[in-house]
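Trainee: Using the sequences and the hints, build the whole thing.
Chains as they are written, first to last, in the numbering used here: chain A, 1 to 275; chain B, 1001 to 1109.
One or more of the hints may lead you astray.
Claimed, not checked - Sample of chain B residues lacking proximity to chain A, with all beta carbon distances greater than 10 Å (derived):
1) 1024
2) 1027
3) 1034
4) 1035
5) 1041
6) 1042
7) 1043
8) 1053
9) 1100
10) 1105
11) 1107
Stated by the list, open to error - Distance condition first, Cα-Cα at most 16 Å in a straight line; then the derived EDC-like pairs of lysine to aspartate or glutamate:
12) B:1049 x B:1022
13) B:1047 x A:62
14) B:1047 x A:206
15) B:1029 x B:1097
16) B:1085 x A:217
17) B:1049 x A:59
18) A:272 x A:94
19) B:1074 x A:59
20) B:1049 x A:62
21) B:1049 x A:206
22) B:1063 x B:1097
23) B:1039 x B:1023
24) B:1045 x A:206
25) B:1063 x A:217
Hints were generated in silico from the structure; no laboratory data involved. Computed from a predicted model, the values in this text were never measured in an experiment. Don't be surprised by glycine CBs; every beta carbon is placed ideally from N, CA and C.
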Amino acid sequence: MFAAAVIVFRESLEAALIISIMLAATRGIDERGKWVGGGVLLGLAGAGVVAASMGAIADMADGMGQELFNVGILVIAVGMLAWHNIWMSSHGKELAQHISNTARAVTDGSRERSVILVVIALAVLREGSETVLFLYSVATSGESGMRDTLLGGGLGLGAGALIGGLLYAGLLRVPLRWFFAVTGVLVLLLAANMASQAARLLIQADLLPSLGAPVWDTSNVLAQNTLAGTLLHSLIGYEAQPAGMQVLTYVLVLVTIATGMRWVSRQAAQKKAAA
Amino acid sequence: MKKHLALAVLTLAALHAHAAADEFTLTIKNHTFEPKEIKLPANQKIKLKVVNQDATPAEFESKPLNREKVIAGKTTAVINLGPLKPGRYPFVEEFHETEAGAQGTIVVE
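Mentor: What follows is the structure in structure tokens.
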């Protein structure tokens, strides 16, 4: 039961943190709760399908199907997060005013809603499919049996959701003036983190060189399977033994999105000055 | 001339064999790795075949090797490794990570 709780906690924590960050980052968008819920349900359904066809997926691309499938998911999510952040850098003020009820509803929130849906669905799908396979493997083979496994899994899921909820509650205490700047940084780090995971999978598929594996080893200082290590991994992409290519990808994506954000916000400021 | 050609073909074949990654096999049966310790050569690319003989899915995971791969029941997965420095690299079958049989070590020398 304990083993099930630990593994399910690890997987659900990552998804829960992504959901919390997205929920906070899209504050002020009408009906976003519905879209978040839809994303979770869609992701769960997808997780079931992916888990059931894991063998077939793995056989694709000369046995590298699993790696490439996950790279695809991560790349879509990174693109969505980048788009969200760049859009926010020109609409963040508008949204903040909307929340404090001094302005009308944000004009163009519809594309933003599809970002919520897709990013959350993909996060739940990725973490969920592995959890489904694990629960299936343990429930049918372990000595602990079905009931204990599900009980442990439930506890793990609850703990993951609790930490996600705490992060969200904490974010809501950030003053509105700073709020979207803070969520913007979190989304930026999330995107860089996912890009680094995609790079790791491409190295595993032997499609990218590792450029030093690992470039550093801090597993003695902060191992990745500790609670703090897992939290830092989910939030900022911390890895105890990363490949050089991962670090390079992380920095590249971070700088690219940040540059896009700065450019768009400067354009918006100029437009305002001209008007 | 023919002799030269044959020699060239042989040389090319030898070069190719050298460039292709060496294959090693690891088996999972009853959630237990066999062998539990596997020796791999240093400084070259390696294809590690992990055969899952169980009907249930397994996950090969090694943080030191930066590798993680789900292996469906009754299937074989290929995990690309290296070039690796000499040393000991623990790995685990994550779905049963608390069981003793689910732990293994790659020894690179």
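Trainee: Now tell me if each hint is right for this structure.
Mentor: Against the structure, the hints come out as follows:
Consistency note on residue 1024 (chain B): stated as away from chain A, and its beta-carbon is indeed over 10 Å from all of that chain's, at 15 Å minimum. Distance check on residue 1027 (chain B): its Cβ is at least 16 Å (rounded) from any Cβ of chain A, clearing the 10 Å threshold; non-interface status holds. Non-interface call for residue 1034 (chain B) relative to chain A: holds, since the shortest CB-CB distance, roughly 17 Å, exceeds 10 Å. With a least CB separation of 21 Å from chain A, residue 1035 (chain B) remains clear of the 10 Å interface cut-off, as annotated.
Chain A leaves residue 1041 (chain B) outside its interface by the beta-carbon criterion, the shortest separation being 16 Å against a cut-off of 10 Å. Against the 10 Å criterion, residue 1042 (chain B) stays outside the reach of chain A, whose nearest CB is about 13 Å from its own CB. Listed as outside the interface, residue 1043 (chain B) is consistent with that label: its C-beta sits roughly 12 Å from the nearest C-beta of chain A, beyond the 10 Å cut-off. No Cβ of chain A comes within 10 Å of the Cβ of residue 1053 (chain B); the nearest lies about 12 Å off, and the non-interface call holds.
The beta carbon of residue 1100 (chain B) sits about 13 Å from the closest Cβ of chain A, which is more than 10 Å, so the claim that it is off the interface holds. The beta carbon of residue 1105 (chain B) sits about 15 Å from the closest Cβ of chain A, which is more than 10 Å, so the claim that it is off the interface holds. At roughly 17 Å, the least C-beta separation between residue 1107 (chain B) and chain A is larger than 10 Å, which holds for a residue marked as non-interface. Simply put, residue 1049 (chain B) and residue 1022 (chain B) have alpha-carbon atoms about 10 Å apart, close enough for the 16 Å limit, and the pair holds.
Of the pairs offered as hints, the one joining residue 1047 (chain B) and residue 62 (chain A) holds, with about 13 Å between alpha carbons and a cut-off of 16 Å not exceeded. The hinted pair formed by residue 1047 (chain B) and residue 206 (chain A) meets the criterion: a straight-line CA distance of about 10 Å does not exceed 16 Å. For the suggested pair residue 1029 (chain B) and residue 1097 (chain B), the alpha carbons sit about 14 Å apart, so the restraint of at most 16 Å is met. Distance check on the hinted pair: residue 1085 (chain B) and residue 217 (chain A) sit about 14 Å apart at the alpha-carbon level, within 16 Å; holds.
Between the alpha carbons of residue 1049 (chain B) and residue 59 (chain A) the distance comes to roughly 13 Å, so the proposed pair stays at or under 16 Å and holds. Taking the CA atoms of residue 272 (chain A) and residue 94 (chain A), the gap is about 13 Å. The hint holds against a cut of 16 Å. For the proposed pair residue 1074 (chain B) and residue 59 (chain A), the alpha carbon gap of about 13 Å is at most 16 Å, so the pair holds. Among the hinted pairs, residue 1049 (chain B) with residue 62 (chain A) is consistent with the structure: their alpha-carbon atoms are about 13 Å apart, no more than 16 Å.
Of the supplied pair hints, the one linking residue 1049 (chain B) and residue 206 (chain A) holds, its CA atoms being roughly 14 Å apart against a limit of 16 Å. In summary, the hint linking residue 1063 (chain B) to residue 1097 (chain B) is supported, as the alpha carbons are separated by about 13 Å, within the 16 Å threshold. Taking the CA atoms of residue 1039 (chain B) and residue 1023 (chain B), the gap is about 12 Å. The hint holds against a cut of 16 Å. With a C-alpha separation of about 9 Å, the suggested pairing of residue 1045 (chain B) with residue 206 (chain A) holds against the 16 Å cut-off.
Between residue 1063 (chain B) and residue 217 (chain A), the direct Cα distance comes to roughly 11 Å. Compliance with the 16 Å bound is thereby established for this hinted pair.
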